[in-house]
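Taking the UniProt record's numbering, I'd label the letters of the sequence shown as residues 1 to 368.
Think about it this way: if two alpha-carbon atoms lie no more than 25 Å apart in a straight line, the pair counts; the simulated SDA-like pairs of lysine to any residue are: (1) K261 to G276; (2) K91 to G81; (3) K110 to L236; (4) K91 to N143; (5) K249 to S293; (6) K91 to S77; (7) K355 to T86; (8) K249 to S295; (9) K119 to R367; (10) K110 to F202; (11) K119 to S185; (12) K261 to E321.
For the record, the hints were derived by calculation from the structure and aren't laboratory data.
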Amino acid sequence: MSSKGVVGKTRRRFSLHHLHYPYPFQNNSSPLPIRYPLKFFLPLKMAAKDDELDFEYPTYFRVYKNGRVERLEGNESLPVGVDPQTGVTSKDVTDIVPGTEVYVRIYLPKLSNSSNTQKLPLLVYTHGGGFCHFSPSSALYHNYLNALVAESQVVAVSVHYRRAPEHPLPVPYEDSWAALQWVASHRSGDGPEAVLNQHADFRRVFLAGDSAGGNIAHNLAMRAGSADAGLNLEILGIALVDPYFWGSKPVRSELLDPDGKAFGDQLWRLLSQSSGLDHDDPKINPVAEGGPSLSGLGCRRVLVSVAEKDILRDRGRLYFEVLGGCGWMGMVEIHEVEGEGHCFHLFDLNHEKAKERMRRMSDFFNRH
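Given only the sequences and the hints, what does the whole structure look like? Please build it.
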């Protein structure tokens with residue numbers, strides 16, 4: 001079957017296969033997942049020397065016993081400006097959280113006319129990377145946002161939050177909330193950034209993210225829906241792409257990959273080491289028994305996009321199921337991509353299934 005979509009609260013279409021994530025993104029050009037012996041994922045018990053490892057996330061980062069973090073991928077920083085392929089213009093805005101590295105990268109598509117008043121949907125995007133790596137300026141995300149903005153004709157604000165393990169959870173959530181508040185300061189047209197004042201349609205505000213960024217987008221929407229949120233902004237919808245949800249009790253796709261489940265458990269402990277968030281905290285397991293009801297989700301539309309060969313697939317499906325049956329007064333839909341792994345679309349933007357996933361998101365942002 002081809003990629004499928006389901007709209008509504010009662011229609012479901014599932015199939016179960018062996019999935020792989022979050023150790024590291026598989027090479028989707030190969031039918032076989034990248035595997036590493038489990039012993040390399042777990043804390044390495046060695047003598048306490050500055051150059052000895054405490055934890056390794058192969059190909060992505062190493063944590064040393066002296067606290068130093070070495071990131072192995074996503075460290076490049078692409079410049080802002082006009083993208084020659086899409087015509088999208090980008091710029092950085094710093095000092096979102098004074099005294100920190102938090103910044104946003106703003107994207108504006110090539111406008112259909114020369115008017116300075118053309119209004120477009122506003123997308124606030126949080127990147128993935130296990131809360132640990134990548135940024136809006138990483139090639140993976142800068143290129144993707146250029147393409148997504150051109151396809152969807154939206155104004156996008158891509159958020160750089162401080163990353164674990166140097167800044168354990170909940171810091172990435174708090175930084176992303178601060179960025180959302182900064183965006184909201186433009187609602188009346190007199191905020192500090194002219195692009196948002198002139199071109200953002202605050203009647204059509206969306207949150208989106210992939211993997212950890214999808215998790216953040218969900219948590220932002222939950223916070224926005226609370227009575228004491230104090231956010232001067234109404235969120236129309238959220239798009240969660242291969243969202244990073246987890247839990248103590250494995251779901252089917254995790255049972256099929258015990259090594260991946262063991263690593264995921266260990267990674268979450270690293271990410272939340274100073275906050276004491278367990279595997280069933282609602283931030284990582286939004287459908288955990290006894291947690292806040294998803295009926296309080298602060299938006300009216302939700303798109304969940306999952307991939308067949310992703311260990312997180314069934315977590316996304318479960319989220320879709322629970323949201324559709326909890327009394328939330330909105331519309332939820334699910335989009336499933338056959339034969340692909342976690343966040344496959346980021347690695348080849350010209351892949352037909354990547355284009356289809358992007359078209360699905362564009363339709364979601366522009367639907368009236």
